[in-house]
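S.K.: What follows is each chain in one-letter form.
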Amino acid sequence: MTFLKLLFRNRLAAMGAVVLGLILLLVLAIPVLPLQDPDVTNTGNRFVPPFSEGHLLGTDHLGRDLLSRLLYGTRLSLGVGIFAALIAATIGSAVGIIAGYFGGRTDNIIMRGIDMLMAFPYILLALAIVAALGPGLLNALIAVAAVNIPFFARNIRGITVGLAGREFIDAARLAGMGHTRIILTELLPNVLSTIVIAMSTTVGWMILETAGLSFLGLGSQPPQADLGSMLGEARSALITDPHTSIVPGVMIFLIVMSINLLGDGVRDALDPRLRSGALSRPRAQTIVDRKSPVPADDGNGLLNIQNLETQFHVGKRIYRAVNDVSLFVNPGECLGVIGESGSGKSVTALSVMGLVASPPGVVTGGAVRYEGEDLLSANFESLRQKRGDKVAYIFQDPLSTLHPLYRVGDQLMEAIQVHHKVSDKDARAKAVELLKSVRIPNAESRIRNYPHEMSGGMRQRVGIAMALANDPDVIIADEPTTALDVTVQAQILALLDDLRRERGLAIIFITHDFGVVAQLCDRVAVLYGGKIVEEGTTTDILDHPAHPYTKRLMACVPELGGGKRELAAIPGLPPIVSDLPPGCAFAPRCEKATEACKEGAIPLEGSETRAVRCIHPEEEIA
Amino acid sequence: MGSYILKRLVSAIPVLLGITVIVFLIMAMIPGDPATAILGSYATPENVEKLNRDLGLDKPLVVRYFIWLGNMLTGDFGRSFSLNRPVLDEILERFNATLILAGTAFVICSVLGILAGVISAAKQYGFADKAITFVVLIGISVPSFFLGMMMILLFAVNLRWLPVSGMYAIYGGGDLPDLAKHLVMPAFALAVVATGVIARLSRSAMLEVLRQDFIRTARAKGVGERKVLYGHALRAAMVSIIPVLGIQAGFVLSGSVFIEIVFQWPGVGRMLVDAILKRDLLLVQGGVVFVAACYVFFNICVDVAQSLLDPRIKT
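First to last, the sequence lines map onto chains A and B.
With the UniProt record's numbering applied, the first sequence corresponds to residues 1 to 622, in that order.
With the UniProt record's numbering applied, the second sequence corresponds to residues 1 to 315, in that order.
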């Protein structure tokens, strides 16, 4: 039901359905319509123009009624096209299922043959088949069906291969079912929908192709006419009496277009990504649509996030990823932001430089101040100039965050050259120097590597080198060590620590790992459900966690040499940010939760340096 | 690089052999007697038998295949009875014209298709996107032969801007401007469907790439939007666009059959249709094998281009 609703919400698809429906209705009504005989010639009445008495669409070169020929021709073209599609789908799917189900040599031989057929330029194969069988509508139908078999065979084989390895097929085999029965009762129902979709996308082509063969005189033979041969016969009178060509031509066009529209609609309605809006192109800058007034500058830190709110608007749903988050970081300081996946830590980080994918992301409130200037109000050019130059990012998983087709040296040089007028030679020298500074051996030759030619640790260093390229004031590191093994992780943390001491860098370090926080960070903010639940100096938080969530989160970290202490997972799941409770988001998973926790919003209480959002804190904060 | 090209060329050999087997088998299904078809129904049995012997049709199928294959490898594609000249001579002469037509159409559809797709993706849901999507929809639904006829009606008959048909003017033509004038309409008519398909695919490939993490990295570096689109995104999208160009080249090459008929272009397609109607099967056989082989070779070029573009492909 939702499928049909989605399909018809798509106005173009609905239009296609209506046009196609009308054509089908007209064609089916042929027996009851007062039509003249399509094949009766009347040479005294040749080329009568359209809208004449007795001939709504005029007559052709033999004086036959065009309207009548058009409807009969349409019926023939549709019939032949659909029939060809059925044949191609049946044989192609059978071949595909057999190849996919039996696999091994059977599969190999069949697919080799299919590949050979696909090596032909399409129509050429159809021409060869018609050449052998001789011109005629039936032969054209066979030819068109034959050249479309590989398409079905390939598609269906792909799906069958996936299904054939699944448990229910094994179960059927163990139950003693024969191959034929398994294919017919287990596999076929599962691939049927794919066959139908493939048919809906190809039937238009097949109608067009049979019309094409008839147009060439290789399909339907006179006096019988389909749309293609009507057009072919009319061609000689194109200049003197164009209506005889236009009438069948427009009909082919209408049929094919309405089928295409409907086919696209079916495909889109079945694609879940389109529904979620995930196919939208992210803009260069996150959309800012603040509902509340911009908070006044409180003069904190070099980078100061004030009451930030970022949401994702997907259809009618609103995901509140970041709620009223305030953070700041001073030069030479490292601020840790910790939380589970989905707690809003990455979105907070990306909001700073307007990098949240948008749509669907929208910043709905707060301010992000760099040296007092609100970046959310800045125009794109001034924001772009700060990106990478003043505030740089290090991302998680550098295999997907580095461009796969450019050499790492070129990517480093680009980072420099977008901000500074530097010659290629100097930029290259700087790139080598950067790679050396992150301790990549053989930096001179490494800059010629592509990302896929490097190890994970190397790539992560390239990511760090790129962030350092312009000597930024702030680095936002989003789980830069998560994908790495422990020794590499330790090296990279040490590197970052050196850099902030040497260069006075401010670092916002996002992680879910308390071990990392202890090594690197001066202060920590704990995020849960898009809100800060606790903040303070690293020692305070590690030694005296006040929020029950912080305490539970720390209990999840196994301590080296800690003996047989049980690893305590937090029961339950993180909250769904489209449906946050009015009170404490952690309450459903918290042992200490009372009714009061669930009732209303709980404020973040304490000082600027130490605060907690809890009415039953583990420890009173100083 | 050289070894990769060599490897691809070697791997084409079984495909080419497969093509000859398929064409040979199709031609062997012919109902009736080819000799009778050539000589007509009034031929004497002796003449039919002699021609069968001359054509080698009295031998077993496998032997006939290898004789035919051997002859082709030495450049002997047989003799066309309807034109009374060697098949290969006729094909080579005609193929030139087809290559000019299909090549031009291929360039048009690649350039316009990618351009339209990229603009469409860059301005997603904007006016340009909607306009392009609409035009593309019409483009992929209109039969090329009908479009060609309507172009003749509009540009040649009514506006008199371009010649109605043919490759060169009969009187005083033959130079490049003359060829260009004759080429405009057929090349565009041939390119329209492929342009639409390429534009659609380029749009979705661009949208797919624009959501990737490395695009966010480029933006985080401070790269401007124009360079993000045309440097980073398009470069990555080309990896999925190029194989489609290869497939569309096949459609353009074979679709030229219709356009050559409509515009009376002296190419292989028209030759094939004439040959089919005259039942000149040697000419059909030779023409199909020749064009298919050219297409296989073209696809090798596509693969090589792909490997140059994507360093992740092992060469």
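In case anyone wonders, no lab produced these hints; they're calculated from the structure.
Treat the hints with care, since some could be wrong.
[Said to hold, decoys possible] Selected chain B positions facing chain A (Cβ under 10 angstroms, derived; list incomplete):
1) Ile-22
2) Val-184
3) Phe-251
4) Ala-305
Model, not experiment: these values are computed from the prediction.
Just so it is clear, CB atoms sit at the ideal spot from N, CA and C, and this is done for glycine as well.
S.K.: Any hints from earlier that this structure breaks? Give me their numbers in increasing order, please.
M.R.: Numbers 2, 4, in rising order.
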